[in-house]
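*Asks:* Sequence:
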Amino acid sequence: MSFAQEPIFQWLSQYAYQPEVVYFGVFAMMIASGFGFPMPEEVTIVSVGIITYMGAHPEHFPPPYPGAPVVNGYEAAAITLFSVVFADLLVFSIGRFFGRKLMKRNWFKRLFSDERMARVNEFMKKYGVYAAFIFRFTPGLRFPAHIAMGMTNFSMWQFVLVDGLAALISVPTQILLIYHYGEPILGALQKFKYVIFGALAVALIAYFVRKLYLRLRTRTA
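Counting from 6, one number per residue, gives the positions in the sequence shown under my numbering.
Honestly, the hints are just simulated from the structure, not real lab data. Remember, it's a predicted structure, so these values are computed and weren't measured experimentally. Among the clues, some could well be false.
The calculated DSS-like cross-link candidates involving lysine-lysine, where the alpha carbons are at most 25 Å apart (straight line), are [what the hints assert, rightly or not]:
no. : residue 1 : residue 2
1   : 130       : 106
2   : 130       : 114
3   : 114       : 131
4   : 130       : 109
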């Protein structure tokens, strides 16, 4: 298990025995991701899965002291699922109660390009409330889509049901997959770490370049 000595895994392993920190951090990161923070929530989910695997294997990632509390895979999966759905519902609620007022603000309108909103409206027109299932798997559209869905006459409970089902399929499965079968997965991460980190860096740069381009285009329009 050579990957256990990798600096990134050594750094993550310290959190395997800090459940309160991890659970609060997951909740905070999912709220941030729900509001369009430029780090995909999948990064947080995979990181939590890795931490749960480490906590389940103290022989490779020893605790700081005997009997130290550990991040449990099932607890982490449940808390992450709740955090994801809560964050989505929070954004939906902002759209429901404040969306029309916010859309009159120039700074808010700049967050949503015409192209994005056209795609969101197309999905909602075609699939109705079931579009929430699709938006759960489209990070670039998720935030504006949930705001837009809140501004429609879709039921809040319908949204929670559809969005929650999509989250139930994707969120806990990722964590529990790593929790139970982490060794080959982490071995692959070690093998392709530079490719993965490079792709993340390119994605972040592309995100900020696009944001800058849209802002400049709005100012010159």
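*Asks:* Would you mind marking each hint as holding or not holding in the structure?
*Replies:* For each hint, the structure was consulted:
The suggested pairing of residue 130 with residue 106 holds, with an alpha-carbon distance near 22 Å, which does not exceed 25 Å. Between residue 130 and residue 114 the alpha-carbon distance is near 21 Å, which keeps this suggested pair within the 25 Å criterion. Simply put, residue 114 and residue 131 have alpha-carbon atoms about 24 Å apart, close enough for the 25 Å limit, and the pair holds. This hinted pair checks out: residue 130 and residue 109 have alpha carbons roughly 23 Å apart, not beyond 25 Å.
In this structure, every one of the numbered hints holds.
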